[in-house]
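J.: Sequence:
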Amino acid sequence: MLLRLISAAVLCGTFSAAGADPLPSWAETETKSAIVDFVERVTDPASPDYVTPADRIATFDNDGNLWAEQPVYFQLIYALDRLRERAEADPSVLSSDTLKAAAAGDIETVAAGGVEALLEVLAVSHAGMSVAAFQDDVRDWLETARHPTTGMRYDEMIYQPMLELLRYLRDEGFQTWIVSGGGVHFVRAFAEEAYNIPPEQVLGSAGPTEYVDGQVMKLPGIDFVDDKEGKPVGIDSRIGKRPIFASGNSDGDFAMLEYTTAGEGARFGLLLHHTDADREFAYDREGHIGVLNRGLDEGPGRGWVIVDMARDWKQVWPE
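For the sequence shown, my numbering gives the first residue as 1, with consecutive numbering after it.
Derived from the structure by calculation, the hints contain no laboratory data. Built from N, CA and C at the ideal position, the CB exists for glycine as well. Heads up, a few of these hints could be off.
[Claimed, not checked] The calculated lysine to aspartate or glutamate pairs, modelled on DMTMM-like cross-linking and capped at a C-alpha distance of 20 angstroms, are:
hint : residue 1 : residue 2
1    : Lys314    : Glu30
2    : Lys314    : Asp21
3    : Lys241    : Asp55
4    : Lys314    : Asp276
5    : Lys241    : Glu264
6    : Lys241    : Asp49
7    : Lys100    : Glu85
8    : Lys314    : Glu280
9    : Lys228    : Asp297
10   : Lys241    : Asp137
11   : Lys100    : Glu88
12   : Lys228    : Glu258
13   : Lys228    : Glu280
14   : Lys228    : Glu85
15   : Lys241    : Glu200
16   : Lys241    : Asp213
17   : Lys241    : Glu229
18   : Lys228    : Asp137
19   : Lys314    : Glu298
20   : Lys100    : Asp90
21   : Lys314    : Asp81
22   : Lys228    : Glu298
23   : Lys314    : Asp278
24   : Lys314    : Glu156
[Said to hold, decoys possible] Computed spacing ranges between beta-carbons, pair by pair:
hint : residue 1 : residue 2 : range
25   : Pro53     : Ala89     : 50 to 58 angstroms
26   : Asp136    : Thr109    : 26 to 34 angstroms
27   : Gly105    : Asp37     : 46 to 54 angstroms
28   : Thr150    : Glu193    : 35 to 43 angstroms
29   : Arg41     : Val212    : 47 to 55 angstroms
30   : Pro148    : Leu296    : 48 to 56 angstroms
31   : Gly263    : Glu30     : 22 to 30 angstroms
32   : Tyr211    : Glu298    : 23 to 31 angstroms
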C-alpha cells in the first residue's frame, strides 16, 4: 500500500518542484534527451513543431510497457485462478482445448494462443457476471495475489520510469490513454489508481455485454481484439484523433506506432526493449509473450526510439 501511495504522489506531482528533472528514474542517455526534446518542441508556441493541447494525444500499451508481463500476462494468471474455481463446480465449461489446458495449468499452451486465448479463458471464467462485480473481483484478486518469482503484488510491478513519463506528458498538456490488448474491463479496474488514467481513457479488448435490470452483464465470446491492427482501429473509434506519441514493447504494438508516426508534423514512437534480467526480465525475439522482432528490425529506420531497459532506466519499480 505504501508503494501505491508513493506512486500516486509522484503521478500527481506532489513531490515535483519547479525546474526539477521530469524523468529522474531515466538515465542521462540519448533516449531521455529525445523524449524531452520532443515534448519541448511540441509544447513551445514558438516552435514550428508546436501542437495545440487538444491534439496532444499519447497512447500506451499496458502489458510489458506500463507493468510487467512475465511469465505470462497477469490477466491470464487471474483468469486461470478463476477458471479453475468455476471448472471444479461445473466441468462442462471446459469446452475447448484451450480451456482444458488452462484448467490443467498448461500455461505454455494457453500463452501460445496469444490474446485470443487469454480472452477465451476470461470470457468463460467470468461470463454471467456484471461488469461492476467483475471489476470488484479483479481488485480483490490484486489485494491477495502475488507474483510467482518476485513475491510482489501485481499492481506494484509497474514501471517507475513510465509513471514519470505519464506524469510528465500530462503536466505538459497531453492526454494519456491506455491502448491494451488485454480486457478493457480488467485494465479499467486498476488503471486510475495505478497510473492516474481514468477508465474512460482506457481502450482494450472486449467481449459481448448486455443490459439486464440495472446492470451491464458480461457474456461469453469476443467482440473486439485490441491488438496489432486492432489498435489503430480502436484508437480511431474511441479517441477520434491520431496520437502524436505512442509507446509499446512488442510487435503487437507495431501498428499503433506505425499509425501514430505516419501522421503529419512532429511524431514520436517509443518501444521498450526488455534487456534487464537482473532487475526485471530479458526477452525479445522468442517466446509467446512480448515478442519483439519487427520493431527491433524496422523501428530505428522509422525514427522510433528504442528504450534499452538495462541502460536507460536507473530504477525499475517504485520505491
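J.: Decide, hint by hint, whether the structure agrees.
T.: These are the hints, each one checked on the structure:
1. Distance restraint check for lysine 314 and glutamate 30: the Cα-Cα separation of roughly 14 angstroms lies within the 20 angstroms cut-off, and the hinted pair is therefore satisfied.
2. Annotation: proposed proximity of lysine 314 to aspartate 21 holds, straight-line Cα distance about 14 angstroms (limit 20 angstroms).
3. Between lysine 241 and aspartate 55 the CA atoms are separated by roughly 7 angstroms; this keeps the pair inside 20 angstroms, and the hint holds.
4. Between the alpha carbons of lysine 314 and aspartate 276 the distance comes to roughly 11 angstroms, so the proposed pair stays at or under 20 angstroms and holds.
5. Distance restraint check for lysine 241 and glutamate 264: the Cα-Cα separation of roughly 12 angstroms lies within the 20 angstroms cut-off, and the hinted pair is therefore satisfied.
6. Simply put, lysine 241 and aspartate 49 have alpha-carbon atoms about 18 angstroms apart, close enough for the 20 angstroms limit, and the pair holds.
7. Note on lysine 100 and glutamate 85: the hinted pairing holds, with a Cα-Cα distance of about 13 angstroms set against a maximum of 20 angstroms.
8. Restraint check for lysine 314 and glutamate 280: the C-alpha separation of about 12 angstroms stays at or below 20 angstroms, so the hint holds.
9. With a C-alpha separation of about 17 angstroms, the suggested pairing of lysine 228 with aspartate 297 holds against the 20 angstroms cut-off.
10. Taken as a hint, the lysine 241 and aspartate 137 pair is broken in the structure, with Cα atoms around 33 angstroms apart against an allowance of 20 angstroms.
11. Proposed proximity of lysine 100 and glutamate 88 is supported: the alpha carbons are some 12 angstroms apart, at most 20 angstroms.
12. For the hint pairing lysine 228 with glutamate 258, the CA-to-CA distance comes to about 11 angstroms; that is within 20 angstroms, so the pair holds.
13. With a C-alpha separation of about 25 angstroms, the suggested pair lysine 228 and glutamate 280 falls outside the 20 angstroms cut-off, and the hint is violated.
14. With a C-alpha separation of about 31 angstroms, the suggested pair lysine 228 and glutamate 85 falls outside the 20 angstroms cut-off, and the hint is violated.
15. Using a Cα cut-off of 20 angstroms, the hinted pair lysine 241 and glutamate 200 holds, with the two alpha carbons roughly 15 angstroms apart.
16. In summary, the hint linking lysine 241 to aspartate 213 is not supported, as the alpha carbons are separated by about 35 angstroms, beyond the 20 angstroms threshold.
17. Only pairs whose Cα atoms come within 20 angstroms are accepted, and lysine 241 paired with glutamate 229 is accepted, the gap being roughly 16 angstroms.
18. Of the supplied pair hints, the one linking lysine 228 and aspartate 137 is violated, its CA atoms being roughly 28 angstroms apart against a limit of 20 angstroms.
19. Between the alpha carbons of lysine 314 and glutamate 298 the distance comes to roughly 27 angstroms, so the proposed pair goes past 20 angstroms and is violated.
20. Proposed proximity of lysine 100 and aspartate 90 is supported: the alpha carbons are some 13 angstroms apart, at most 20 angstroms.
21. Under the criterion of a C-alpha separation no larger than 20 angstroms, the hint pairing lysine 314 with aspartate 81 is inconsistent with the structure, at around 34 angstroms.
22. Proximity of lysine 228 to glutamate 298 is assessed by CA-CA distance (about 16 angstroms); at most 20 angstroms being required, the pair is judged to hold.
23. About 13 angstroms separates the Cα atoms of lysine 314 and aspartate 278, which keeps this hinted pair within 20 angstroms; it holds.
24. With a C-alpha separation of about 17 angstroms, the suggested pairing of lysine 314 with glutamate 156 holds against the 20 angstroms cut-off.
25. The supplied range of 50 to 58 angstroms is met by proline 53 and alanine 89, whose beta-carbon atoms lie about 51 angstroms from each other.
26. Between aspartate 136 and threonine 109 the CB atoms are about 30 angstroms apart, so this pair conforms to the stated range of 26 to 34 angstroms.
27. Taken as a hint, the range 46 to 54 angstroms holds for the pair glycine 105 and aspartate 37, whose Cβ atoms sit roughly 48 angstroms apart.
28. Checked against the given bound of 35 to 43 angstroms, the beta carbons of threonine 150 and glutamate 193, roughly 20 angstroms apart, lie outside it.
29. Checked against the hint of 47 to 55 angstroms, the pair arginine 41 and valine 212 passes, with Cβ atoms roughly 50 angstroms apart.
30. At about 28 angstroms, the beta-carbon gap between proline 148 and leucine 296 misses the expected band of 48 to 56 angstroms.
31. For glycine 263 and glutamate 30, the Cβ-Cβ distance of about 24 angstroms falls inside the hinted range of 22 to 30 angstroms, so the restraint holds.
32. Look at tyrosine 211 against glutamate 298: about 44 angstroms separates their beta carbons, and that is not inside 23 to 31 angstroms.
Checked against the numbered hints above, the structure breaks hints 10, 13, 14, 16, 18, 19, 21, 28, 30, 32 and satisfies the rest.
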